Amino acid sequence: MIQESKETSYYEILDISMNANHEMIRTAYIRAKNAYTRDSLAAYTLFDEEESQKILNQIEEAYTVLADKEKRKIYDESHGFLLYESNDSNMDKYGSPQENKTSQNAVYSSSTNQPLHAVKVSSAYTINEAMEEKLKNPTTVTGSFLREAREYKNISHDVLMDITKIKRHYLCAIEEDDISKLPAPVFVRGFVVQYAKALRLDGEKIASLYMSYLKSRSTT
Amino acid sequence: MDQIAEAPFNLTSEEAAPLSTPVSTAGMKQIWAIGGGKGGVGKTLVAANFAITLAKAGASVIVVDLDLGGANMHTCLGLEKLQAHTLTDLFSPAVKNLADLAIPTAIPNLQLISGAQDSVTVANLPHAQKQKLLQKLRQLPADYIILDLGAGTSFNTLDFFLAADVGILTVLPEPTSIENAYRFIKSAFYRKLKNIEYLLNARSYIDATMNRKNDLGIKTPADLINSLEEQYPEVGNNIRNAITKFTLKLVINQTRTENDSEIGFGIRNVCKKYFGMNIDYLGHLEYDSAVWQSIRRRRPLALEFPNSSLMPSIQRMVGALVAEQAEKLKRSQLGL
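For the record, the sequence lines run as chains A and B.
Positions 38 to 257 (this note's numbering) are the ones given, in order, by the first sequence.
Positions 974 to 1309 (this note's numbering) are the ones given, in order, by the second sequence.
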């Protein structure tokens, strides 16, 4: 069984680099699928049928997102895989095949493949005990809660965009709880994790609370 | 992680340049070990022809037949007479230097240290003797030392495989061979873990997870590393680094169809998910009856059938490995 506690990226699932172009993704998808089909010699000894099926589903999911230019962009943004805005040469990967484009431009930490932006220090702000407590143990998280937290920490949209690489209109839509302007929930969740982490808050907790808030709103 | 591991599809022979320039490499002494869980999968074929290719390209090469108890490299290199010295002599007072055991072959720059006709006891070397042997192997006067390992997963075989700079696994596109290859990788994985000293207090935890039915939800070595990182962050991190650094090279031998050669990519993907381990698929060797003829004539393929369709594949693989190792050396010298 594949552990779920540690999220495996779509790139890892397909066994490709984050700069792979469309052609590479397609080849990797076919190879990965072949590896786990029922008559494959490569997998049956180590994974039982149920486990293989689960991996096949992950492969399908990964391919559905990475093969789609728009979905992939959103996915990259929400996971911090994209370090520069779209005018950067790094964006070639979404367009026509540009062979062997390595990650020269993108700065990835070699050991973790995580972007290095995490070290960026946020602006100075005056500590307010009550506010700190509220941020530490929130009961509900709404868009205005996030905005309040951001303004309290003295972080502008520009700085937040720089840290998270999430586009401004998404940041605004999150703060305004504007579901119509937001992508699929799985991406929103990723955005909010990044958003909260940039404010040095518990990303997972904040994102869970925000997602349940959005859900409650959309059902009422 | 080195650059190769980050390359889009790792290094496959198809993408690598053929071996055109001499590979004599001052200061880059390399030990390449060739293993594989099963007998008859082509370990000796690969070892012999990799060695000949390197020697022909200008490097000095010593092949060491470590198939202790079942050595037959001398036959593959076209040597008929058994030599005066064998590995058993290493432990006799008469031989001061391992290099003294090396005998010349018909190929210039290529020498052989054979384990042929050794006493069976050598197949189970005690730890201290093994360390001594490993140390002496490193000191051999050659650019490349090619180890032809025996079948199976004995501690001897695993230790030589893990101690090498490059570990090459040969596999046939057959269920039994692939099963054995996984068994080999699994044994190497746990042997590697055992050799890591900083496990200490995580040891009992690891032992508990060795059972596939443990109630911790840990079913694969990759799960184990993930959960160790949570339970014992420092230990988990060290293990992940050690396992990531250990890149195993894979050669699929006797492929008859395109599906056969594609199995290499499948094994690579499965190993990544199951063991959390990086595997470079070096390339495949097509099924070729010339191989059997060359063995029957007790002559190396590279000499008997230099135009065999396998030779370009072998040259590409060796070229890719040489280039990769040179790059690695350069990076480590630059402190990267």
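Because the hints were derived from the structure by calculation, they are not lab data.
Some hints could be false.
Said to hold, decoys possible - Simulated crosslink set (EDC-like; lysine to aspartate or glutamate; CA at most 20 Å straight-line): (1) B:K1245 <-> A:E87; (2) B:K1245 <-> A:E213; (3) B:K1245 <-> A:E98; (4) B:K1105 <-> B:D1138; (5) B:K1192 <-> A:D85; (6) A:K70 <-> B:E1147; (7) B:K1245 <-> A:D239; (8) B:K1245 <-> A:E49; (9) B:K1245 <-> A:D214; (10) B:K1192 <-> A:D199; (11) A:K70 <-> B:D1233.
Stated by the list, open to error - Part of the chain B face toward chain A, derived, beta carbon under 7 Å: (12) G1239; (13) K1245; (14) E1277.
Just so we're clear, the structure is a prediction, and the values are computed from it rather than from any experiment.
For each residue, glycine too, the CB sits at the ideal point set by N, CA and C.
Keeping to a limit of 20 Å between CA atoms, is the pair of K1105 (chain B) and D1138 (chain B) held or broken?
-> Holds. K1105 (chain B) to D1138 (chain B) sits at ~17 Å (cutoff 20 Å).
Given the hinted pair K1245 (chain B) and E213 (chain A), is their alpha-carbon gap at most 20 Å?
-> Answer violated: K1245 (chain B) to E213 (chain A) is near 42 Å, above 20 Å.
Restraint satisfaction for G1239 (chain B) [CB to CB of chain A, less than 7 Å] | holds (3 Å)
Would you mind confirming whether the straight-line C-alpha gap from K1245 (chain B) to D239 (chain A) stays at or under 20 Å?
-> Distance of about 30 Å is beyond 20 Å: violated.
Is it true that the CA of K1192 (chain B) sits at most 20 Å from the CA of D85 (chain A)?
-> Status holds; Cα separation ~11 Å.
Is the straight-line distance between the alpha-carbon of K70 (chain A) and that of D1233 (chain B) 20 Å or less?
-> Holds: K70 (chain A) and D1233 (chain B) sit about 15 Å apart, inside 20 Å.
Under the criterion that the straight-line Cα-Cα distance not exceed 20 Å, is the pair K1245 (chain B), D214 (chain A) satisfied?
-> violated (40 Å)
Per the CB criterion, is K1245 (chain B) less than 7 Å away from chain A?
-> At 6 Å from the nearest chain A Cβ, K1245 (chain B) passes the 7 Å test, so the hint holds.
Are the Cα positions of K1245 (chain B) and E49 (chain A) separated by 20 Å at most?
-> Given pair K1245 (chain B), E49 (chain A) holds - Cα atoms ~9 Å apart, limit 20 Å.
Supplied contact hint for E1277 (chain B), tested at 7 Å Cβ to chain A | Hint on E1277 (chain B): violated, closest Cβ of chain A at ~31 Å, above 7 Å.
Would you check the hint for K70 (chain A) and E1147 (chain B), treating anything up to 20 Å between C-alpha atoms as holding?
-> holds (19 Å)
Going straight from one Cα to the other, do K1245 (chain B) and E98 (chain A) come out at no more than 20 Å?
-> Given pair K1245 (chain B), E98 (chain A) holds - Cα atoms ~18 Å apart, limit 20 Å.
Comparing the model with each earlier hint shows violations of hints 2, 7, 9, 10 and 14; every other hint is respected.
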